[in-house]
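Participant: The primary structure of each chain is shown beneath.
2 protein chains.
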Amino acid sequence: MKKIIKDRGAVYFNEGSWATLSNILENLCPSKVFVLTDTNTKTHCLELFLKNVPFNIVPEVLTISAGERHKTISTSVALWSELSEKGADRRSLLINLGGGVVTDLGGFVASSFKRGIEFINIPTSLLAMVDASIGGKNGVDLGILKNQIGVIRNPKCVIIDSTFLETLPEEQVISGYAEILKHGLIHSESYWNAASRFDIKNKVETDALIWGSVEIKNEVITEDPNEHGRRKTLNYGHTLGHAIESYLLEHSNKEALLHGEAIAIGMILATYISSEENAFPKSKLEIVTQTILRSFPKVTFSDIDIAAIIKLLIYDKKNDNGKVHFVLLSDFGSHTMNNEISNSTIKKAFEYYKNF
Amino acid sequence: MKKIIKDRGAVYFNEGSWATLSNILENLCPSKVFVLTDTNTKTHCLELFLKNVPFNIVPEVLTISAGERHKTISTSVALWSELSEKGADRRSLLINLGGGVVTDLGGFVASSFKRGIEFINIPTSLLAMVDASIGGKNGVDLGILKNQIGVIRNPKCVIIDSTFLETLPEEQVISGYAEILKHGLIHSESYWNAASRFDIKNKVETDALIWGSVEIKNEVITEDPNEHGRRKTLNYGHTLGHAIESYLLEHSNKEALLHGEAIAIGMILATYISSEENAFPKSKLEIVTQTILRSFPKVTFSDIDIAAIIKLLIYDKKNDNGKVHFVLLSDFGSHTMNNEISNSTIKKAFEYYKNF
Chain E
40 MKKIIKDRGA
50 VYFNEGSWAT
60 LSNILENLCP
70 SKVFVLTDTN
80 TKTHCLELFL
90 KNVPFNIVPE
100 VLTISAGERH
110 KTISTSVALW
120 SELSEKGADR
130 RSLLINLGGG
140 VVTDLGGFVA
150 SSFKRGIEFI
160 NIPTSLLAMV
170 DASIGGKNGV
180 DLGILKNQIG
190 VIRNPKCVII
200 DSTFLETLPE
210 EQVISGYAEI
220 LKHGLIHSES
230 YWNAASRFDI
240 KNKVETDALI
250 WGSVEIKNEV
260 ITEDPNEHGR
270 RKTLNYGHTL
280 GHAIESYLLE
290 HSNKEALLHG
300 EAIAIGMILA
310 TYISSEENAF
320 PKSKLEIVTQ
330 TILRSFPKVT
340 FSDIDIAAII
350 KLLIYDKKND
360 NGKVHFVLLS
370 DFGSHTMNNE
380 ISNSTIKKAF
390 EYYKNF
Chain G
40 MKKIIKDRGA
50 VYFNEGSWAT
60 LSNILENLCP
70 SKVFVLTDTN
80 TKTHCLELFL
90 KNVPFNIVPE
100 VLTISAGERH
110 KTISTSVALW
120 SELSEKGADR
130 RSLLINLGGG
140 VVTDLGGFVA
150 SSFKRGIEFI
160 NIPTSLLAMV
170 DASIGGKNGV
180 DLGILKNQIG
190 VIRNPKCVII
200 DSTFLETLPE
210 EQVISGYAEI
220 LKHGLIHSES
230 YWNAASRFDI
240 KNKVETDALI
250 WGSVEIKNEV
260 ITEDPNEHGR
270 RKTLNYGHTL
280 GHAIESYLLE
290 HSNKEALLHG
300 EAIAIGMILA
310 TYISSEENAF
320 PKSKLEIVTQ
330 TILRSFPKVT
340 FSDIDIAAII
350 KLLIYDKKND
360 NGKVHFVLLS
370 DFGSHTMNNE
380 ISNSTIKKAF
390 EYYKNF
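The listed protein sequences derive, respectively, from chains E and G. So for the first sequence, my numbering puts the first residue at 40; every next one is plus one. So for the second sequence, my numbering puts the first residue at 40; every next one is plus one.
Just chain E, with the same shape it has in the complex (with noise of 0.2 Å):
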């Protein structure tokens, strides 16, 4: 078992992690236990945590619809009722099984019941492993707009069993590639060496890759966790990301990218954009882009498209007084902060992107 403590947020890897959980769970005590799923993961993945965690009281199943669109407040007040009605206390605990979702939406769904109860995150996507069940950020979408609803609280612990990943999509897989590969961007050229070489069929490669990313953004957290300097570079590609990804989700003539898909993008734009203004070199540009193009789709955006994405730009949570503000590089594993960057580069970004 790998294994990182902390006084909130443990992260257990692997072998021994089950048991680890049910000594947890032993010593916690909890007056309630419930499980939250969604669809896909109440089908595919409840039977193997069942059979790894013994209960005296079988849990309470909860379970949302699956996807992006359904991580918003109504949700949450559906699963708040349900839990009063179930009878979860202030000592109840919520288990979160799932992706990105789950653990996002479940994360704040405890914080603020009853001004706040235990909760445990068992990360069953990729994405879900290597970046959102870790370092406490909780929340949902208000209309389009990402994550602006939510708190900074960390789970009691997180089970990371990468076998949860035989369950998953293909797609589903790549899109929490995305975060590793941004891992390898923002901390060094060995593990963005590492990342590239990233093939799921491989479990010990990918299992090495799992963790990898797991101790860089403990790392990262650790240092700040309240993001007031390094733990932006957690954000790289995220700010045209999500603009993007909101923008697709917005108009239902469109397709809609999964998250990691939407940073895919996001991450040749802010490296583009770090090689015309923070000097990172272009040669290096070339194979991030080819790289992240050899794994995720390419999408067409229109002049009207690109500038409707700009005026997302300034819902963005992290930009202040009306200007947004990119983390940039000037090599992997260096960076500069709150670069103010005019709309004609980001223009000029996507035509780079269009033109490769």
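In short, the hints are calculated from the structure, not lab data. Please read all numbers here as calculations on a predicted model, not as lab measurements. Mixed in with the good hints there might be a few duds.
Treat identical chains as interchangeable: a pair holds within one or across any two.
Claimed, not checked - List of simulated lysine-lysine pairs, DSBU-like, C-alpha gap at most 30 Å:
#1 Lys-125 <-> Lys-271
#2 Lys-110 <-> Lys-125
#3 Lys-125 <-> Lys-195
#4 Lys-195 <-> Lys-337
Guided by the hints, dock chain G onto chain E, whose structure is given.
Facilitator: Using the frame of chain E, we list chain G on its own:
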């Protein structure tokens, strides 16, 4: 100026506190300032506030409908949307100018907007001055269940100016007085005696009681911020009081009570139960009941009402594992925690209240 200084949640009282607020605003340098009012405080309190605080940029005023029935998630959603539309970012500040509904709801809205922006409480009702605005508890109701959704997070500071009380209808003043009496019950016979002499026309004594209550509440929550022990005494009378308040709010054919009016009844019931189960002296019970009934209306409850109120108790946040636990007193300032009380004892308490 009287003041209690802490990292967060510092409280400033009367003379000099507006000047202190101006300094705090200058140091904080928020990107935008929003002032949350309700329809009453916008009319009666906003002008005094704006006269006392210089702003470089005119703050945006947000207004909600007055009254407990608007302390909901849907009001929160409307405010989150308005904040987004008006360009609030993470460095924006929300100033809550109002009674307990405004400070409870505004604190929750700020704490969960973009994972937490700064907020300042400026209580304008007696209840908010001595109780709601202090201690970092915030939240909204879920259906008829009071404060089910919320978090604990302190405001940047609390500014109390007791001249706001001159704008308050008498029954609203009396509602806040219930919490001052509660502080007497849980703190000491001497503070109870001082509280018994409350007279809103005597400004000097009223100010002394406001500050006395702020100090008592501050002492309790400093010792036990997360309500593992002594903080539970602040719920004295609230277990039944909340259930009574919720029940009457739910039944539109019955006259709703103000929070303090419901808590006043809850305190008589809890003190009767204390005398039955916890040796609270009968002679002092007599005094407590007389004192409370001198200021608060007596309400008639049918057997059906009482049964429904008892049923609501299981949703109380302080219940644990399906059992309702009361804080009881053995004397002024001496409490015991987690007393499990039978329904028949609760019925006898209502009987005592009815026949007094």
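Participant: Each hint needs a verdict: does it hold in this structure or not?
Facilitator: Comparing the hints with the structure gives:
no., hint, verdict
1, Lys-125 <-> Lys-271, "between (39 Å within a copy, 24 Å between copies)"
2, Lys-110 <-> Lys-125, "both (22 Å within a copy, 23 Å between copies)"
3, Lys-125 <-> Lys-195, "within (22 Å within a copy, 36 Å between copies)"
4, Lys-195 <-> Lys-337, "neither (39 Å within a copy, 46 Å between copies)"
Checked against the numbered hints given earlier, the structure breaks only hint 4 and satisfies all the rest.
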